[in-house]
Amino acid sequence: MTFILIAEQILNGIQFGVMLFLMAAGLTLIFGVMGLINLAHGSLYMVGAFAAAAVAGASGSFILAVIAAMAAAAMAGVIVELAVIRRLYARDHLEQVLATFALILVFSEGTRWVFGSFPLFLDIPDYLSGPVTLPAGIQYPLYRLALIIAGLLVAIGLGLFITRTRVGIQIRAGENDREMTAALGVDIAKLYTFVFALGAALAGLAGALVGAIQSVQIGMGEPVLILAFVVIVIGGIGSIKGALVGSLLVGLTDTLGGVFLPEFFKLFADADVATATGSALASMAIYVLMACILIWRPTGLYGART
Amino acid sequence: MHLKSLALATAIGVLATGAMADTKVGMITTLSGGGAGLGLDVRDGFMLAINQSGRDDIEVVIEDDQRKPDIAVQLADKMIQSEKVDVLTGIIWSNLAMAVVPAATAQGKFYLSPNAGPSALAGQGCHPNYFNVAWQNDNLHEAAGAYANTAGLGNSFILAPNYPAGKDALTGYKRFFEGELAGEIYTELGQTDYAAEIAQIRASGADSVFFFLPGGMGISFLKQYADSGVDLPVVGPAFSFDQGILQAVGPAALGVVNTSQWNKDIDNPTNAAFVESFVAEYDRLPSLYASQGYDTAQLLISALEKADVSDQDAFRDALRAADFDSTRGEFAFGSNHHPVQTIYAREVIQEGDVFTNRIIGVALEDHADAYAADCKM
Numbered sequence: 001m002t003f004i005l006i007a008e009q010i011l012n013g014i015q016f017g018v019m020l021f022l023m024a025a026g027l028t029l030i031f032g033v034m035g036l037i038n039l040a041h042g043s044l045y046m047v048g049a050f051a052a053a054a055v056a057g058a059s060g061s062f063i064l065a066v067i068a069a070m071a072a073a074a075m076a077g078v079i080v081e082l083a084v085i086r087r088l089y090a091r092d093h094l095e096q097v098l099a100t101f102a103l104i105l106v107f108s109e110g111t112r113w114v115f116g117s118f119p120l121f122l123d124i125p126d127y128l129s130g131p132v133t134l135p136a137g138i139q140y141p142l143y144r145l146a147l148i149i150a151g152l153l154v155a156i157g158l159g160l161f162i163t164r165t166r167v168g169i170q171i172r173a174g175e176n177d178r179e180m181t182a183a184l185g186v187d188i189a190k191l192y193t194f195v196f197a198l199g200a201a202l203a204g205l206a207g208a209l210v211g212a213i214q215s216v217q218i219g220m221g222e223p224v225l226i227l228a229f230v231v232i233v234i235g236g237i238g239s240i241k242g243a244l245v246g247s248l249l250v251g252l253t254d255t256l257g258g259v260f261l262p263e264f265f266k267l268f269a270d271a272d273v274a275t276a277t278g279s280a281l282a283s284m285a286i287y288v289l290m291a292c293i294l295i296w297r298p299t300g301l302y303g304a305r306t
Numbered sequence: 001m002h003l004k005s006l007a008l009a010t011a012i013g014v015l016a017t018g019a020m021a022d023t024k025v026g027m028i029t030t031l032s033g034g035g036a037g038l039g040l041d042v043r044d045g046f047m048l049a050i051n052q053s054g055r056d057d058i059e060v061v062i063e064d065d066q067r068k069p070d071i072a073v074q075l076a077d078k079m080i081q082s083e084k085v086d087v088l089t090g091i092i093w094s095n096l097a098m099a100v101v102p103a104a105t106a107q108g109k110f111y112l113s114p115n116a117g118p119s120a121l122a123g124q125g126c127h128p129n130y131f132n133v134a135w136q137n138d139n140l141h142e143a144a145g146a147y148a149n150t151a152g153l154g155n156s157f158i159l160a161p162n163y164p165a166g167k168d169a170l171t172g173y174k175r176f177f178e179g180e181l182a183g184e185i186y187t188e189l190g191q192t193d194y195a196a197e198i199a200q201i202r203a204s205g206a207d208s209v210f211f212f213l214p215g216g217m218g219i220s221f222l223k224q225y226a227d228s229g230v231d232l233p234v235v236g237p238a239f240s241f242d243q244g245i246l247q248a249v250g251p252a253a254l255g256v257v258n259t260s261q262w263n264k265d266i267d268n269p270t271n272a273a274f275v276e277s278f279v280a281e282y283d284r285l286p287s288l289y290a291s292q293g294y295d296t297a298q299l300l301i302s303a304l305e306k307a308d309v310s311d312q313d314a315f316r317d318a319l320r321a322a323d324f325d326s327t328r329g330e331f332a333f334g335s336n337h338h339p340v341q342t343i344y345a346r347e348v349i350q351e352g353d354v355f356t357n358r359i360i361g362v363a364l365e366d367h368a369d370a371y372a373a374d375c376k377m
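Protein sequence lines correspond, in order, to chains C and A.
Numbering-wise (the working numbering), the first sequence opens with residue 1 and increments by one.
Numbering-wise (the working numbering), the second sequence opens with residue 1 and increments by one.
Each statement offered as a hint is correct.
In the BS3-like style, the derived pairs of lysine-lysine whose C-alpha atoms are separated by at most 27 Å in a straight line are:
{"id": "1", "chain 1": "A", "residue 1": "LYS78", "chain 2": "A", "residue 2": "LYS68"}
{"id": "2", "chain 1": "A", "residue 1": "LYS68", "chain 2": "A", "residue 2": "LYS24"}
{"id": "3", "chain 1": "A", "residue 1": "LYS174", "chain 2": "C", "residue 2": "LYS266"}
{"id": "4", "chain 1": "A", "residue 1": "LYS167", "chain 2": "C", "residue 2": "LYS266"}
{"id": "5", "chain 1": "A", "residue 1": "LYS68", "chain 2": "A", "residue 2": "LYS84"}
{"id": "6", "chain 1": "A", "residue 1": "LYS84", "chain 2": "A", "residue 2": "LYS306"}
Stretches of chain C that chain A covers, calculated by requiring three or more beta carbons in the stretch to come under 8 Å of a beta carbon on chain A:
{"id": "7", "stretch": "8-16"}
{"id": "8", "stretch": "102-116"}
{"id": "9", "stretch": "127-133"}
{"id": "10", "stretch": "140-154"}
{"id": "11", "stretch": "210-216"}
{"id": "12", "stretch": "274-287"}
The following label-pair restraints were derived from C-beta to C-beta distances:
{"id": "13", "chain 1": "A", "residue 1": "ASP267", "chain 2": "C", "residue 2": "PHE264", "range": "52 to 62 Å"}
{"id": "14", "chain 1": "A", "residue 1": "ILE62", "chain 2": "C", "residue 2": "ILE6", "range": "45 to 55 Å"}
{"id": "15", "chain 1": "C", "residue 1": "ARG164", "chain 2": "A", "residue 2": "LEU254", "range": "41 to 51 Å"}
{"id": "16", "chain 1": "A", "residue 1": "THR171", "chain 2": "C", "residue 2": "ILE6", "range": "26 to 36 Å"}
By construction, these hints were calculated from the structure, which means they are not laboratory data.
Keep in mind it's a predicted model, so treat the numbers as computed, not measured.
Virtual Cβ for every residue (Gly too), placed ideally from N, Cα, C.
Build the full structure now, drawing on both the sequences and the hints.
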C-alpha cells in the first residue's frame, strides 16, 4: 500500500464525487424547490449521453457533443415538465414515484427505438487522452483530472448563481415558501420549468462527460440515480452546498472503502475471506455512512427542513 | 353461405395442422434493457436458420424476459401450460436458466440452451432433456488460462463481477493458469467505474490482466484501462469482445486476445454461408451469440428430420447425435449433453471502419467441461 496508490485512489474518489454532484445538484433543486421525487432524472442523464454520442459521431467534436448533450437533456426536461410533471406537484409522493417510474420505461424504450439495442461509441477527445504525471510521480488520466476541474467549476458557478442572482434568490424563496413567493408576483410555473430544465441540463452534462469513459447504453442512468438520492439525503434536501459535500463524501467512501476494506481484513484473515468480506462491506459502506449521518443530523448535513 | 364456408375452412385448417404435427418452440430471451443485444443476436441467428430450412411446421413463440428471473419463470409456465410448447430455448443469463430449466425438464419438455451453461446444470443437476449448444460457463475462461500459459504470462491480476458466473470465471481461469496471481478482485455487478481497480493493477506488479466483465461493464473497463497508461497485456473470454460491443469500445480493444469457440473466419462452408446470409438479412456482422442461436436451430431441425418430438426417446437420441453442420465445424456432445469443442484464441483487429476478431491460434483442443464426471443419467 504505497503513497502513490493512496493518492491515486483519493483522486478517483473526488472525481467520482464530482460527477455525482452534477446529478445530485439537479435532483436536490427539483426536490427542494418543487417537492417532487423525480425518478426519471437518470433517464435525462442517459439522454445526454446518447445525444453526445450521436453528435460526436456525426461532427467529431467533443465540445459540440457536450453542448448538444446539455441542450437535448434540457429540452427533454422541459417537455417532460410541461407534459407530465406539472400535473404532479400537488399529488403525493407515491403518485410522483409511479409517474416518473413510467417515464423511465418510456425513455428507455424510446431510446432503443431511436438508437437500437447495442451500446454506442463515445470516446475521450485526443487532447484529453492518456495519463499525465502529477507531482510526486503520480500517474493519472488527464481526462479524469479534467472532469474534476469541470465539476468543481460547475459547482462554483451554481453556488454563485443560487446565492448572487435574482433568479437564484427566487429559487431559494420558492424553496422556503412557495405560496408567499407566488403572492409576491413571481411566476412560479415558469420558475419550476426553468429549475427542471437546469437540473436536466446538469444531468445531461454528467451523462456526456461520464459516457466518454463508460458505456453509452440503455439503463445507464439508474445506478447513478440511486447514489444521487443517497447524496441528497446526506447533504440535506434542497441544499447545493450539501449536495457537493455529500457527493464528495459518497465518492470518497465508495472508492476508498472498495480498495482499503479488503486490505484491512487481510491483516487478520485469509486472502479469500478478506476479499469476500471486504467487498461485501465496501458495497454497504455508503449506506452505513448515510445511516450514521442521519442519526447525527436527521435532516442531513445542511438540511434546514424538519 | 359465407358462414358455412368459413366453418369448413376452419375445419380443414384444423385437420391440416393435426396431420402435419407442428412442432412448437418457446423462446424466452432478453429483448429489452441493458442486455438486449445478446438476446437479439440469439433470436436473429435462430430465426435465420429456421427460415432458411424452409420448414413451415416449426412454430416459434418469442417472449422477452427483461433479464428478470421471475418474469422468465412466468413466461415458461405460460408457454408450457397454455401454449403447449414442445421445446424451450433462448435464455441468455445463468441465473434465469437456473430458475427455468430444472422445472421445464422436470415437466418433460426439452430445453436447448443457446447460451447460459451454469455448472450446476452440467454436473449433478444434469438432465436427459437438457442440451447445451453453446458451452459450459467455465470453458472460455479455462481456455484463457491455457492461452496465458502458452503466451508466457506468469503473474496475472484477475477480476470478475461478484455473482455466480463471475466466480465460475475466475475458477475456470485458475484451473488452467499455471502462473502466480498478483491479485484477485470481485467487482460489483453492473459497476461502471474501474478507476480504483486499475490503480490496484498498476500497483500490483502483475505482468498481465485477465478479466470477465460481460456487456457494458467490459466497455467501461477497456476504455478506462486504455486511457490509464497501464499497458500490461489483457486476456479475457469473448464476452467482452463480441461483435455487438466492439464498436462501442473502439480502438481501446485493438490487439486484445480473447477466447471463443466461434469466429467469423472459421473456415467451413456452413460458417461462410451463415456469416454471408446473416449480414444480408440483418445488415450487421454476427456475434458468437448469433452463431449459437443459429447452431441451436440447426440442431433442432436435424433432430426433427429424424424423429417427432412426441416420441421423446427417439427425439432425444436424435439430439444427442448432433447430426448437423455447425458454424464451428465439428460438433459433438459430451456425456452430460454439453459440447466437446475446440476453443480458439482471437485477436481484436480493425477491418476498414469495423472492429472485429481474427483467430490467431487454438487455446484448447476438443475441450470438455470439468463437471461431466458428476453427471449421472
